[in-house]
Amino acid sequence: SEGLQVHGCRHGVVGSIVNGSFTRLPDLSHGKPVYKRDTQANGLDVHVYFWDDRDGPRFNGWYFGMKVGGDEVWAFHPGKDSPLPPASGWQVPFDGPVDSGFVVSSSSGASSAQKRPAGEASGQPAQKQPCLAAPGQAPPPPQLAQPYPQQPMMQPWDIAQQWQQYHLMHQQHVMQFHAQQQQQQQ
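Okay, so the sequence shown: first residue is 108 according to the working numbering, each after it adds one.
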């Protein structure tokens, strides 16, 4: 069966979750295929799926998440017209900047994004979506994004700590995003 290969995600926490091999599942999400990572990441399932605009246009696109339609998502692509997960242009974290190294390819041949006109997927600047960090909030420590070369193997507690930190950052982003949405609706 058709699958995906994901590689090149540079985010220190998200990269270890989303990079890997994915197998296409028999079910669909909003009319498009769903994929599941062949191995768990930190004991979690990882899915790639599409979500339509039923929750608003901001949520319309492709996701890497723990479960289809769940609150725990790691990467997002607004490519709502793509029949398969786009090859490039993924935002990591889901509300962060585009990770230009992050590549999704079909393990049975060319992906949908490679068949689109050149430049369509990468035509937007990397700073398209500003991160929803609170004013005055410190950016994540640099070792999150670039592990030190002299420490190729991370200790399990380092991964657990980073995962916990990322999970808290994610929850904060979701709460801030919902607060902004409510302010706009008033």
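Misleading hints may appear alongside valid ones.
Pairwise CB distance ranges (calculated) [said to hold, decoys possible]:
no.	residue 1	residue 2	range
1	Asp152	Val281	16 to 24 Å
2	Ser123	Gln278	14 to 22 Å
3	Gln279	Asp162	28 to 36 Å
4	Gln289	Ser215	15 to 23 Å
5	Ser215	Met282	16 to 24 Å
6	His285	Ser128	30 to 38 Å
Each computed DSSO-like pair below joins lysine-lysine, with the alpha-carbon atoms no more than 30 Å apart [as the list claims (entries may be wrong)]:
no.	residue 1	residue 2
7	Lys139	Lys174
8	Lys174	Lys187
9	Lys143	Lys187
10	Lys187	Lys139
11	Lys174	Lys143
No lab work stands behind these hints, which were simulated from the structure alone. Treat the numbers as computed from the prediction; the structure is a model and nothing was measured. Note that CB positions come from ideal geometry on N, CA and C, so glycine has one too.
Consistency of the hints with the structure:
1. Asp152 <-> Val281: 16 to 24 Å: holds (19 Å)
2. Ser123 <-> Gln278: 14 to 22 Å: Hint holds: Cβ distance 19 Å, inside 14 to 22 Å.
3. Gln279 <-> Asp162: 28 to 36 Å: violated (20 Å)
4. Gln289 <-> Ser215: 15 to 23 Å: Check failed, 44 Å falls outside 15 to 23 Å.
5. Ser215 <-> Met282: 16 to 24 Å: violated (40 Å)
6. His285 <-> Ser128: 30 to 38 Å: holds (34 Å)
7. Lys139 <-> Lys174: holds (15 Å)
8. Lys174 <-> Lys187: holds (19 Å)
9. Lys143 <-> Lys187: holds (20 Å)
10. Lys187 <-> Lys139: holds (10 Å)
11. Lys174 <-> Lys143: Roughly 9 Å between the alpha carbons, so the hint for Lys174 and Lys143 holds.
Checked against the numbered hints above, the structure breaks hints 3, 4 and 5 and satisfies the rest.
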